[in-house]
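**Student:** Chain by chain, the residues run as shown.
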Amino acid sequence: MYSYNEFDAAFVAERNRQFRAQVERRIDGSLTEDEFKPLRLMNGLYLQLHAYMLRVAIPYGTLNSRQMRQLALLAEKWDKGYGHFTTRQNIQYNWPELRDVPDMLDALAEVEMHAIQTSGNTIRNVTADHFAGAAADEVTDPRPVAELLRQWSTDHPEFQFLPRKFKIAVTGSENDRAVIRAHDIGIQVVERDGQIGYRILVGGGLGRTPMIGKVLNDFVAQEDLLPYVEAVVSVWNLLGRRDNKYKARIKITVHEHGIDDIRARVDAAYARIRPSFGGLDLDLFEDIKSAFAAPAFSQKPTALFDTAYQTDPIFRAWADTNLAEHRAPGYAIVQISLKAHGETPGDATAEQMRVMADLAERFGHDELRISHEQNVILPHVHKSDLPEIHATLKKHGLATANIGLISDIIACPGMDYCALATARSIPVAQQIATRFDELKLEHEIGDLKIKISGCINACGHHHVGHIGILGLDRAGVENYQITLGGDGSENASLGERTGPGFAYDEIIPAIERLIAAYLQHRDNPEETFLAAYRRLGMAPFKAALYDEAQAYAAE
Amino acid sequence: MARAFTPKIITANALLEGDVVYLTADDRWSRQISEAELLTDEAHAQLRLLGAEAQTGTVVGVYLADAKPGDTGPEPTHFREEFRRTGPSNYFHGKQAEQA
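Residue numbers (the numbering used here), protein chains in the order written: chain A, 43 to 597; chain B, 2 to 101.
With the rest of the complex left out, here is chain B (with noise of 0.2 Å):
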């Protein structure tokens, strides 16, 4: 049997920048995970994200990546999704410093 698809989120590199960012529901490419579009439906999922790989002009290696829903929107399940969105551990460099 199929597995039963688990809610996802698309996210991807900035191409100029390199940092992590998140297709929202509006069609921007936001550096807040919370404003990503949280997506339930597996062939809506598949369709966002083959428009998401078309715009390799802004983005690089975009891909789903597993999500919940949160308090202030989706929030990562997977330990290298939470680093992805706060930044490394030695240093306060990346996201957490930027959100600071």
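Isolated chain A (complex conformation) (with noise of 0.2 Å):
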């Protein structure tokens, strides 16, 4: 992994000193909340509807024990015992006090960690594949480049007051696992002739105008990579529309430009600033490189394993679904699934964070990782150490074997937590969760991503989703929408509305009679949700939606 350089620490232990003093100042009215807003957003605290809320960025979801151990210090110490994973490889704490915040920034920064650029119009956390440098089909590990980018984004003098946010995701895979098509720029690290480099993507993104990103450069080298970012982001900035907040994202500009405009701009602007990089970042890169050097994989028998598939039918439940087929024999990628049934997804406690990080200090190369669905993995596990830490987890409730199925919801906070939400999306997450195990349809349903934002800001991903949930406010009670086919993979597409919404006490009945439907429609047991939703069209399920529920209500 890679570790704070001289620079890092001072510029974080400077950031955090000069906040502690806004904060003091704040509090003795020598700034007043319109100067102090600003400030308090750079270095990611918000104010949300109860309470203030501290954003932890948590780079390309990659944390070694120690830092995790950290997160479940602040939790406790200055929170109500535990932390809020976020779709963007974040944590919140949903509770923090105004005062408390300077302690908790440097209690962060002695595990080099930081709040920064968490918020406000700047390039925020850069994120990643979480099964960077694991995964079996990887070209390469995207953390690097990841890094790279963080470096070179965080206070970047040009853009500290872009148009909007600005959100940068890298996969090393062709499957993608880092939702890039649905990003500002979307990086996939690809190989030809020999060569590593990068397939840009642009003008992606979710909220209230969904597009899906267009490939803006299919091969850009290592050596051109900073400056070419560096291009696009400049010509935003410029060219993005800043009279109008709802037009500022670079989705936009690149939907009124056209790709190929943008192209032409981004290439005019690259060769202007190309120059300028005389070729430190290269050698930045290859000592970041070398922090991010695989583990040395040990070579020892499964036997502990395979006793144990074969005979724990609890393990091997979990064994299925929550494993992932890691690139060195005799490993696994370990998904530890933070959507127990009936709880708040991507929530977890101090005490399951020590657990987590105890776990990946004895048996994970001291890695974690935090997925944009909410979920930590541990990358690298030898499968003969499976049967422990499945035991382990179980004490804890964190041994729910449910990955990729439907109660592996993402949901954003909605209006539990969020000023910005219209409707709630967390009880309707745990009531489905709820719901499916009572009627034990979980592993018969398979493969089904369910997406649930509580506002059109998209945070919970719910254009992508197999089956998307938007929260509205409709004349003063919450409504909910269905969307249906969204894909967020490497087939990236937008979920297509069924039709008007359901009241809050319709919405889980309405998802049941979607599966219902699935269950009777589709081809064999095989075929999931997403295909006989593609194979079928929307027909059927709008039947099973509407027409059933008139018939209901018509006796």
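If you're looking for bench data, these hints aren't it; they were derived computationally from the structure.
From a predicted model like this one, the values you see are computed outputs, not experimental measurements.
Be a bit skeptical, because a hint or two may be false.
To be verified - With a Cα cut of at most 30 Å, we get these calculated BS3-like pairs of lysine-lysine:
{"id": "1", "chain 1": "A", "residue 1": "K342", "chain 2": "A", "residue 2": "K209"}
{"id": "2", "chain 1": "A", "residue 1": "K342", "chain 2": "A", "residue 2": "K207"}
{"id": "3", "chain 1": "A", "residue 1": "K209", "chain 2": "A", "residue 2": "K256"}
{"id": "4", "chain 1": "B", "residue 1": "K96", "chain 2": "A", "residue 2": "K79"}
{"id": "5", "chain 1": "B", "residue 1": "K96", "chain 2": "A", "residue 2": "K209"}
{"id": "6", "chain 1": "A", "residue 1": "K331", "chain 2": "A", "residue 2": "K287"}
{"id": "7", "chain 1": "A", "residue 1": "K119", "chain 2": "B", "residue 2": "K96"}
{"id": "8", "chain 1": "A", "residue 1": "K287", "chain 2": "A", "residue 2": "K207"}
{"id": "9", "chain 1": "A", "residue 1": "K207", "chain 2": "A", "residue 2": "K256"}
Stated by the list, open to error - Have a look at the derived ranges for each label pair, beta carbon to beta carbon:
{"id": "10", "chain 1": "A", "residue 1": "F319", "chain 2": "B", "residue 2": "R4", "range": "18 to 26 Å"}
{"id": "11", "chain 1": "A", "residue 1": "A359", "chain 2": "B", "residue 2": "K69", "range": "46 to 54 Å"}
{"id": "12", "chain 1": "B", "residue 1": "A101", "chain 2": "A", "residue 2": "A558", "range": "36 to 44 Å"}
{"id": "13", "chain 1": "B", "residue 1": "Q56", "chain 2": "A", "residue 2": "R141", "range": "17 to 25 Å"}
{"id": "14", "chain 1": "B", "residue 1": "T25", "chain 2": "A", "residue 2": "S535", "range": "49 to 57 Å"}
{"id": "15", "chain 1": "B", "residue 1": "R4", "chain 2": "A", "residue 2": "I301", "range": "40 to 48 Å"}
{"id": "16", "chain 1": "B", "residue 1": "Q56", "chain 2": "A", "residue 2": "Q60", "range": "21 to 29 Å"}
{"id": "17", "chain 1": "A", "residue 1": "M580", "chain 2": "B", "residue 2": "A26", "range": "52 to 60 Å"}
{"id": "18", "chain 1": "A", "residue 1": "E367", "chain 2": "B", "residue 2": "K69", "range": "56 to 64 Å"}
From the three backbone atoms N, C-alpha and C, an ideal C-beta is built for every residue, glycine too.
Please dock the two separately framed chains into a single complex, following the hints provided.
**Tutor:** Next comes the structure, spelled out in structure tokens:
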């Protein structure tokens, strides 16, 4: 893993010192709220419905055990004993008090973490495939380039007052687990003629105007990457719509000007910028790369795993759903579900964080990842250690075997916390998970991604959910719109609205009717919900949602 | 025609804790919505709002929220204000816990 150099450490310490003084001046009245607000947002501090919220960046979703333990400490010491992992590989604390935030930031700095640029119109936390460095299908680990981009974008003087926020995601695999097509810039590491380079997508995004990113350049060589990305952001910085916040994101700029026009402008900007990059970034990149060298994988028999798999059905069910293929023989990627049925998606208690940190230290080469799907990953685990890991997880409510299933729901905080929300999302997720657990249908249904947002800004990625749920305020009551057929993978597509929305107490029965229609119409048990929808279209699902509802109402 | 004025309360978040607070008739900031001053006259409400907004050393994000008279004092009319006076629905945290 990357460790802060002197510059990183000094920068974070200085920013923390400044923010402490800013908080003091806000409290003693020297700063008004109008003056203070942009300063607190630059440091990740929001004011939500019930309290302040501190959003801490977990760059490219990677943590070591020491950092995870420190997150647990923050949860216990300055919050209510838990933290919420988000869809952009951040962690949010929902209950800090203003006076305590500078201490929280200092505690984070002790473990090389911060909350800088987790808010505001800047380049946000650079996210990456949560299987990076471990996935069997990977060209190369995308995290070194994510770290390079983190360093380049942090406090970049040209990009502190962008037209709007700007999000970058990186993947090293063709199988896109980082939702790069729904980012302002999506970067895919590719190999061409034995050379590593980058495919650059631009103009993806969800929110009120969802767009799938378009390919801006099929292959940018390593030495050209930073100037190229800088050219893209600088073109948008000048061209982006500052007159209308709803039209300010780069997806609108690309849409209004066309990808060819944007490409021509980027090429011109690139030609201008390129000479100013003298190769220092390449030396830096080589240093960064060595920090991400793969751990020394051991060669051990997997007999313990094989026995447990054959004899323990609970372990087998967990192994079947929660493990992913590792590139090293005898190893597996462990996905720890933060979606226990009925619990809040993405929440972990301080105790659970420590348990996961201990497991990472003992069995996982001291690495943890946070996925955009709000789960925790142990990326490098030898299979012989899995039975013990599973037993420990089970004791702490962390062994739910539901990765990729109907209860593995992404949900934004919604109106339970968020000041922007128009409806709740967490209780909808909790009820769907509980209901299908009661019905014992989860494994029968198979692969299904439900994603729930509590407002049009789409933090819950509802547009790319196989089933998307969007909570709105319709004439003073919560109302939930359903979209079908969304997909956040390399075959990205946006969900299509089914029709009128459903009231809070109607949404769970509506989802049940949808699932019943899928089970009835699927070709065979291997045909997933998404595949069935793509084959059948909207009609049978629409009928299940609306015709039957009317039939019930008429009874 | 201008829309008829509906009763309002003045609410905000406390600067230090972030807690939801309500302006009372005797110029305090209370944690209880029942203690809020119910404003039924638009001109008076605007005047009270200006006074509240000036208290930047105590509160943040002052606004007028719809409310209705209830048995023990003002009550919210919109679900957002209902959540603000209660706390989140996934944990027994916030006001519901403090007032239990």
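**Student:** Each hint should be assessed against the structure and marked as holding or not.
**Tutor:** Structure-based check of each hint:
1. This hinted pair does not check out: K342/A and K209/A have alpha carbons roughly 41 Å apart, beyond 30 Å.
2. Pair hint K342/A plus K207/A does not hold up; C-alpha atoms about 47 Å apart against a cutoff of 30 Å.
3. For the given pair, K209/A sits about 15 Å from K256/A by alpha-carbon distance, which is consistent with the 30 Å threshold.
4. The straight-line distance between the Cα atoms of K96/B and K79/A is roughly 25 Å, inside the 30 Å bound, and the hint therefore holds.
5. Distance restraint check for K96/B and K209/A: the Cα-Cα separation of roughly 35 Å exceeds the 30 Å cut-off, and the hinted pair is therefore not satisfied.
6. For the suggested pair K331/A and K287/A, the alpha carbons sit about 38 Å apart, so the restraint of at most 30 Å is broken.
7. Our distance criterion of 30 Å between C-alpha atoms is met by K119/A and K96/B, whose separation comes to about 20 Å.
8. Pair hint K287/A plus K207/A holds up; C-alpha atoms about 10 Å apart against a cutoff of 30 Å.
9. Between the alpha carbons of K207/A and K256/A the distance comes to roughly 19 Å, so the proposed pair stays at or under 30 Å and holds.
10. Under the hint 18 to 26 Å, the C-beta atoms of F319/A and R4/B, about 58 Å apart, miss the expected range.
11. Here the CB-CB span from A359/A to K69/B is close to 52 Å, well matched to the stated 46 to 54 Å.
12. Between A101/B and A558/A the beta carbon distance is about 40 Å. The supplied range of 36 to 44 Å therefore holds.
13. Between Q56/B and R141/A the beta carbons are some 18 Å apart, a value that agrees with the proposed interval 17 to 25 Å.
14. The hint said 49 to 57 Å for the Cβ distance between T25/B and S535/A, and at roughly 53 Å that hint holds.
15. Taking 40 to 48 Å as the suggested C-beta distance range, the pair R4/B and I301/A conforms, at roughly 45 Å.
16. Take Q56/B and Q60/A: their Cβ atoms lie about 26 Å apart, and the range 21 to 29 Å holds.
17. Distance hint check: the CB atoms of M580/A and A26/B are about 55 Å apart, consistent with the given range 52 to 60 Å.
18. The hint said 56 to 64 Å for the Cβ distance between E367/A and K69/B, and at roughly 59 Å that hint holds.
The structure fails to meet hints 1, 2, 5, 6 and 10 from the earlier list, while all remaining hints are met.
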